[in-house]
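J.: Okay, here's what each chain looks like letter by letter:
2 protein chains.
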Amino acid sequence: MTQLESARKGIITKEMEAAAELEGISPELLREGIAQGEIVLPCNINHKGIRPIAVGKGLSTKVNANIGTSDAYPEIEKELEKLKAAIEAGAHSVMDLSTGGDIDQSRKAILQASPVMVGTVPLYQALVDAEEKGRGMVEMTDEDIFHAVEKHCEDGADFITVHCGVTLEVIEALRNNGRVMDIVSRGGSFMTAWMLHNQKENPLYTQYDRLLEIAKKYDVTLSLGDGLRPGCIEDASDAPQIRELIILGELVKRGRDAGVQVMVEGPGHVPLDQITANMKMEKTLCHNAPFYVLGPIVTDVAPGYDHITSAIGGAIAASSGADFLCYVTPAEHLGLPTMEDVKEGVIASRIAAHAADIVKGVKGAKEWDLEMAKARKNLDWERQIQLAIDPVKADRLRKEKNTDTQDCCTMCGKFCAYKIVSEHLGRTFQGGC
Amino acid sequence: MTQLESARKGIITKEMEAAAELEGISPELLREGIAQGEIVLPCNINHKGIRPIAVGKGLSTKVNANIGTSDAYPEIEKELEKLKAAIEAGAHSVMDLSTGGDIDQSRKAILQASPVMVGTVPLYQALVDAEEKGRGMVEMTDEDIFHAVEKHCEDGADFITVHCGVTLEVIEALRNNGRVMDIVSRGGSFMTAWMLHNQKENPLYTQYDRLLEIAKKYDVTLSLGDGLRPGCIEDASDAPQIRELIILGELVKRGRDAGVQVMVEGPGHVPLDQITANMKMEKTLCHNAPFYVLGPIVTDVAPGYDHITSAIGGAIAASSGADFLCYVTPAEHLGLPTMEDVKEGVIASRIAAHAADIVKGVKGAKEWDLEMAKARKNLDWERQIQLAIDPVKADRLRKEKNTDTQDCCTMCGKFCAYKIVSEHLGRTFQGGC
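For the protein sequence lines, the chains are A and B, in the order given.
Letter by letter, the first sequence follows residues 1172 to 1604 of the working numbering.
Letter by letter, the second sequence follows residues 1172 to 1604 of the working numbering.
Hints should not be assumed to be uniformly reliable.
Copies of the same chain are indistinguishable here, so a pair counts whether it falls within one copy or spans any two.
[Stated by the list, open to error] Keeping only pairs whose Cα atoms sit at most 35 Å apart, straight-line, the calculated DSBU-like set for lysine-lysine is:
| # | residue 1 | residue 2 |
| --- | --- | --- |
| 1 | 1585 | 1249 |
| 2 | 1564 | 1255 |
| 3 | 1371 | 1585 |
| 4 | 1537 | 1228 |
| 5 | 1371 | 1564 |
| 6 | 1228 | 1180 |
| 7 | 1279 | 1570 |
| 8 | 1371 | 1534 |
| 9 | 1322 | 1279 |
| 10 | 1545 | 1249 |
| 11 | 1228 | 1451 |
| 12 | 1228 | 1585 |
| 13 | 1564 | 1304 |
| 14 | 1388 | 1585 |
| 15 | 1322 | 1572 |
| 16 | 1249 | 1279 |
| 17 | 1304 | 1185 |
| 18 | 1585 | 1279 |
| 19 | 1255 | 1388 |
Derived from the structure by calculation, the hints contain no laboratory data.
Produce the complete structure using the sequences and hints provided.
T.: And the structure:
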């Protein structure tokens, strides 16, 4: 039985128990959310030893880090180092997006090494396999695609991105609508190329029931990919994007009916004032399925700083309904991220997630800030460092900037507002300076 | 005549012309905004050779960088390097917040070297002067304070922060209300200490007319400081903060009546869901005076990353009415920023400002993103680097990550979505890969 089927039958699994404990909520509440399809708990039955983490309504906002090889950087070892960096920085999930080198090997190595859920994109595998067999991308067969899906599920992928909503109708809408960037989703672009070349409908759409069967067998959560996500501010929230989202909503329902857990992927590049509307549309059109957004980034002009453009978008998205943030690193739009980029990306997304969790009323979120405020007020540096989202960096900066003193801070020195006001208001003050 | 007085008489000054040109709007439109007090154009008559930049309604969002010495780091040279870094990164304004070493000298050096407007806080000067004369902070006289104000104005400060709204009534509200952090504004803390110790009302409030006279003489823009700004998420939008804001609103009116340009300073630490309300309250209570916010940062738990927490808050603030963002650097809450911190802080704030300008409909904002999208679509790397908000960093990352290739990108390599889709949709595609 999948987690969804168990939940519907009123059964609280050990994975639900663990995930509920992590959130500090009752297992029964979590079970209800899963039963309604508003929460997913991606745990492939073949992925041993992972820490179950749930995603969705009423839970803390989760953060995913994309890793994986490419043509130019095929080394698996580097990706395993990035995995470690992502986990240390607090990622709740990683996706293996490998397209270079031995991608079977990287997936298996990442699945084995990861203590958190792992997502994959079987379509990349199908494509690389076809190319290796001397066939071009457009010569992939339906069987190639489903073979890759089955392989990833069997290997233990906890969720898979499947671009089921890129249909001929949606591509026609794209062609007629006009767009600056057309398609920027890799999977979306592969499917589109394949469909246009072969003049055939998307097999992940026409054979969706077959996909559901495989997913159900291993309790893999389907992450319905948004092949038509906007690739620039100008293209945001247009007809092709929303038409695909409507299709994804239908597929959410069919997935749930089949006992398969489903979440939905979302943009991308979105101007500030359209983010809330995008979140709301997903929730209405996709029946409150957990929403997994990429960023969104709020301007196109900041390559080198897209961890910041996406932290802005991610915070607004999460506070208006997104459940799961895919990180964006400083390397985005420039090349494959390094280990340092991965760390920066995870921390930036966690900041966005936490800022949203404060206003979402997530248990413990506000309390964390309150503890920090108290430590700050008392100039308790040890506690401030402990409480920092990145204690290592906070400690390093603190030490670099304050070489002479244990208690003070070089920003204000003796003119410390906390100290001055505490004295004159007659408040207790524990900090020295 | 001040810019405000000229504007009211229908005169378009040469500063208005220059500032309007910079915005790409008509000088007449700018003049109207200044006449109504919804735009300020801080240009001290004694600050020669600066590039006039206007702040307020309908204009692009501006970014300020705080620099200045402290006890532990009294060297003026370092601050001049930071000034240079801030300007290169695109700051529209700097504030000299020096409190260490020869602060007369640092102010003069910064005023002379800065091509953009300079703000100062005369209260810091009054305090340091009093201490040098062997008198403690609480023994400052009214004359000490006004002497410092006059000195800063005469030296050419384009705007000065004056904590006029920290009144005995507001402090009483603070005492009764209860707060985690009490007061975190340095100027606010000095005034509070002084008032409580001397049991006297704030002279910047009781002698506000005297302040207006000085400001008018040099056409200094008053930046009404928010001494009661919240210092942590928990304290945001509370009664003491809003009571002070109401007083600032009255002072805005009195300033305008006297022909003095006035803007208002704002928080601080604000949870995501209170930012828009804060912007709206300032606009209603302060008669649409330009709003100059510090951050705001949206969580307390990320020391080392407060350029990111403030980019999130700043983007939301600016898109809902803030006109001027004071940057926050990665050093915030840890110590005095380095030159590198200054640069990171300015870029992060500029990203926030630009993301907001896109949705504010500021001229040229959306167009910038569109140009980048086109360059990206065509894999035109040279143009992408040119258009980047930080071309130097974008170029460096691009080269580091793509050592073998001129045209491609190591993220997707041959599996480039732009290329694949362009081919199959029959779009023209100029990029090689």
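J.: Hints first: check each against the structure and report whether it holds.
T.: Taking the hints in turn, this is what the structure says about them:
no. : hint        : in the structure
1   : 1585 x 1249 : between (47 Å within a copy, 20 Å between copies)
2   : 1564 x 1255 : both (17 Å within a copy, 26 Å between copies)
3   : 1371 x 1585 : between (73 Å within a copy, 24 Å between copies)
4   : 1537 x 1228 : both (18 Å within a copy, 34 Å between copies)
5   : 1371 x 1564 : neither (52 Å within a copy, 44 Å between copies)
6   : 1228 x 1180 : within (20 Å within a copy, 58 Å between copies)
7   : 1279 x 1570 : between (41 Å within a copy, 31 Å between copies)
8   : 1371 x 1534 : neither (49 Å within a copy, 44 Å between copies)
9   : 1322 x 1279 : within (11 Å within a copy, 70 Å between copies)
10  : 1545 x 1249 : between (40 Å within a copy, 33 Å between copies)
11  : 1228 x 1451 : both (13 Å within a copy, 30 Å between copies)
12  : 1228 x 1585 : neither (47 Å within a copy, 38 Å between copies)
13  : 1564 x 1304 : neither (47 Å within a copy, 40 Å between copies)
14  : 1388 x 1585 : between (66 Å within a copy, 34 Å between copies)
15  : 1322 x 1572 : between (52 Å within a copy, 31 Å between copies)
16  : 1249 x 1279 : within (15 Å within a copy, 52 Å between copies)
17  : 1304 x 1185 : neither (43 Å within a copy, 71 Å between copies)
18  : 1585 x 1279 : between (57 Å within a copy, 24 Å between copies)
19  : 1255 x 1388 : within (30 Å within a copy, 62 Å between copies)
When held up to the earlier numbered hints, the structure conflicts with 5, 8, 12, 13, 17 and fits the remainder.
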